[in-house]
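Enquirer: Sequences are here, hints too, so could you generate the full structure?
Chains A and B supply the protein sequences, listed in that same order. Here the first sequence stands for residues 1 to 329, numbered as in my numbering. Here the second sequence stands for residues 1 to 248, numbered as in my numbering.
Since the hints were made in silico from the structure, they are not lab data. Errors might be hidden in some of the hints.
[What the hints assert, rightly or not] These stretches of chain B come out as covered by chain A in the derived footprint (C-beta under 8 Å, 3 or more residues):
| id | region |
| --- | --- |
| 1 | 17–24 |
| 2 | 29–43 |
| 3 | 180–191 |
| 4 | 195–205 |
[To be verified] Partner residues are not named here, just some residues of chain B that face chain A (Cβ under 8 Å, in silico):
| id | residue |
| --- | --- |
| 5 | R14 |
| 6 | E51 |
| 7 | A52 |
| 8 | L88 |
| 9 | R162 |
| 10 | G248 |
[To be verified] With a straight-line cut-off of 25 Å between C-alpha atoms, the simulated PhoX-like cross-links for lysine-lysine are:
| id | chain 1 | residue 1 | chain 2 | residue 2 |
| --- | --- | --- | --- | --- |
| 11 | A | K219 | A | K26 |
| 12 | A | K26 | A | K3 |
| 13 | B | K13 | A | K111 |
| 14 | A | K110 | B | K42 |
| 15 | A | K219 | A | K168 |
| 16 | A | K257 | A | K243 |
Treat the numbers as computed from the prediction; the structure is a model and nothing was measured. Note that beta-carbon positions come from the ideal geometry of N, C-alpha and C, so glycine has one too.
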Amino acid sequence: MIKIENLVKFFGPKKAVDDISFTVSKGEVLGFLGPNGAGKSTTMRMITGFIPPDSGRVQVGEFDMLNDPIRAKQLLGYLPENAPLYADMSVYGFLSFAAELRGLRGAARKKAVQEAIETCFLEPVAHQTVDTLSKGYKHRACFAQSIIHDPDYLILDEPTDGLDPNQKHEVRSLIRNMGRRKAIIFSTHILEEVLEVCTRAIIIDRGHIVANGSPNELKAMHPNFGSVRLNVYGVAEGDVRGKLNTLSQVERVEVIKSTSEQVKVRVYPKDKKDESFPTLVADLVTKSGWKFDELSMDKGRLDEVFRGITLPDTVKKSSKEGPVVTVNV
Amino acid sequence: MSLAVQNVYTIAKREMGGYFSSPVAYVFIVIFLLLAGFFTFKVSGFFAANEASLSPFFVWHCWLYLFLVPAVGMRLWSEERRLGTIELLLTMPVTGWQAILGKFLASWIFLGLALALTFPMIVTVNYLGDPDNGVILCSYVGSFLMAGAYLAVSCLTSAITRSQVVSFILSLVVCLFLVLVGWPPLNEMLSQWLSPAMVSAVSSISVMTHFAQFQRGIIDSSDIIFFLGLIFFCLFTTNVVIRSHRAG
Ligand SMILES: Nc1ncnc2c1ncn2[C@@H]1O[C@H](COP(=O)(O)OP(=O)(O)OP(=O)(O)O)[C@@H](O)[C@H]1O
Ligand SMILES: [Mg+2]
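Expert: In structure tokens form, the structure reads like this:
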């Protein structure tokens with residue numbers, strides 16, 4: 001288990017990380033999201049012991065990162081942002097070096113290096129100098145380093161950055177598979193990745209956690225989540241509205257478009273999680289004998305939720321109505 | 001081997017591999033040998049002196065090292081910070097000290113190797129005459145210690161900045177200072193204003209003063225302690241500097 005309590009980090013007067021706490025257990029893959037400069041990398045650097053927090057605690061397994069850094073670090077694998085590498089080494093030499101620092105010797109080291117090379121598809125470049133690798137291969141070499149000792153805890157800062165679509169896919173399934181046994185924290189700017197591999201996601205903005213939940217829970221934060229869109233022909237707007245409001249489960253009806261022949265509405269349920277709601281609306285529509293060509297439930301969209309809770313400074317200053325989504329963490 | 005020694009060894013081995021994977025190391029060694037030869041034979045007039053001793057060779061070391069040692073040490077930590085590999089290294093289960101020591105020792109051994117390659121000098125004087133080999137050995141020890149002291153200064157300056165050039169210049173300036181305060185012409189000048197006790201206090205922080213003892217064939221614990229102390233102080237400060245960078 002990785003446990004983080006009340007982490008705070010200042011850079012000069014600037015608070016990069018402001019009181020972040022969370023826990024990740026084995027079997028979990030935590031997606032770490034947030035706009036540029038939100039404090040994701042800074043948080044990860046504090047978790048891995050690279051930078052000391054100004055206050056707060058990091059616990060890895062049963063070890064405290066501040067009091068027992070060596071043993072805590074032994075349990076961790078870390079892929080830093082931008083995948084730094086020693087430019088003058090070969091991929092094989094670099095991985096051997098990493099394995100050796102991880103305490104692997106002799107045959108065990110050879111085996112670990114070989115496995116990491118295979119897992120990360122590095123065979124074609126194993127004896128090439130790091131300097132001459134393409135960006136994606138560099139990233140994979142550094143990724144290989146992070147898993148070489150099969151750690152229980154993995155911290156990956158943008159692991160799919162710079163990879164081609166096939167490799168992105170491979171790395172995602174690798175993370176998903178490893179996540180069954182390990183606790184993994186990874187940051188990303190690709191929201192589909194979160195839906196695909198994470199069991200849980202945290203969104204941070206300006207050093208604060210603004211959302212924490214499973215991908216589906218995050219999607220449910222969308223203001224339209226659970227609402228039903230309906231497109232009816234040949235009925236007056238007032239009739240549509242009146243009929244729908246007779247349903248006790250309906251909270252309100254919003255008219256999106258209304259012409260003489262077509263009425264487009266969005267129907268919001270009282271209980272957003274009520275899965276039978278679309279059926280109820282459909283029953284009513286068929287009973288009334290309306291002609292319709294669209295009836296669908298909104299599942300929420302992660303990108304819009306993300307935008308809603310992490311508006312960039314420029315937008316926030318100009319918009320008076322504030323964030324689109326309100327959250328209680 | 002204990003874990004700490006293992007880690008120092010692994011880090012030193014990687015650093016050493018880095019020297020020899022590029023032509024820089026060979027170029028360095030060749031330049032060192034050429035310069036050492038040039039100063040010994042041309043400037044000091046080794047043959048003209050007609051003396052079976054290597055003092056015309058050693059007397060140049062504190063000046064030669066001024067340029068050569070910072071060239072070796074300038075990249076130690078600045079490169080690590082520039083590439084971002086410091087983040088990899090220091091999130092491995094190693095302590096800051098192990099990393100500093102590993103990198104320092106690798107470079108020191110490299111300098112030792114360059115120094116050892118001057119052995120034809122020993123062969124030559126022994127062939128030509130009958131030198132005091134004890135004094136020669138003693139001078140080599142002193143030279144090696146002095147190289148270590150310069151290197152520790154470079155190690156510190158390389159931790160201060162990401163730029164190798166700045167690191168080189170800083171290190172050169174500091175080392176130059178450590179030489180000049182014991183340089184006889186400067187000491188004579190100082191003695192016009194300062195009491196003899198103060199002049200000798202000033203010159204006692206000079207690497208030149210302490211190296212001179214070795215060149216006379218005297219191995220005194222105070223000289224050894226001076227060099228090792230200077231090395232320790234610089235490496236300790238390096239650790240402090242690296243910590244403060246990480247703290248942001
Ligand atoms: N060493 C540093 N010195 C000063 N400020 C820093 C330092 N490192 C990070 N910051 C600042 O802290 C804030 C958080 O940075 P961080 O790198 O954690 O963001 P991030 O969420 O990883 O962003 P990105 O998505 O762009 O990677 C930023 O405003 C950044 O400018
Ligand atoms: Mg980042």
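Enquirer: Would you mind marking each hint as holding or not holding in the structure?
Expert: Right, here's what the structure says about each hint:
Here the region 17–24 of chain B counts 4 residues with a CB under 8 Å from a CB of chain A, which clears the bar of 3, and the coverage holds. Check on the region 29–43 of chain B: 0 of its residues sit with their Cβ under 8 Å from a Cβ of chain A, so the three-residue criterion for coverage is violated. Counting residues of the region 180–191 of chain B whose beta carbon lies closer than 8 Å to any beta carbon of chain A gives 0, which falls below the threshold of three, so the coverage claim is violated. Only when three residues or more bring their CB closer than 8 Å to a CB of chain A does the claim for the region 195–205 of chain B stand; here the count is 0, and the claim is violated.
The beta carbon of R14/B is positioned within 8 Å of a beta carbon in chain A (closest approach about 5 Å), and the interface hint is therefore held. Interface restraint check: E51/B against chain A, minimum CB-CB distance 44 Å, threshold 8 Å, status violated. Because the beta carbon of A52/B sits about 44 Å from the nearest beta carbon in chain A, more than 8 Å, this interface hint is broken. Taking 8 Å as the C-beta contact cut-off toward chain A, the hint placing L88/B at the interface holds, the least distance being around 6 Å.
A hinted interface residue such as R162/B counts as satisfied when its beta carbon comes closer than 8 Å to some beta carbon of chain A; here the least separation is about 13 Å, so the hint is violated. Against a cut-off of 8 Å between C-beta atoms, the interface hint on G248/B holds, since the closest Cβ of chain A lies about 5 Å away. A threshold of 25 Å between alpha carbons decides the hint, and for K219/A with K26/A the separation of about 24 Å falls inside it, so the pair holds. For the suggested pair K26/A and K3/A, the alpha carbons sit about 11 Å apart, so the restraint of at most 25 Å is met.
Straight-line distance between C-alpha atoms of K13/B and K111/A comes to about 20 Å, which keeps the hinted pair within the 25 Å bound. Under the criterion of a C-alpha separation no larger than 25 Å, the hint pairing K110/A with K42/B is inconsistent with the structure, at around 53 Å. Between the alpha carbons of K219/A and K168/A the distance comes to roughly 23 Å, so the proposed pair stays at or under 25 Å and holds. Among the hinted pairs, K257/A with K243/A is consistent with the structure: their alpha-carbon atoms are about 17 Å apart, no more than 25 Å.
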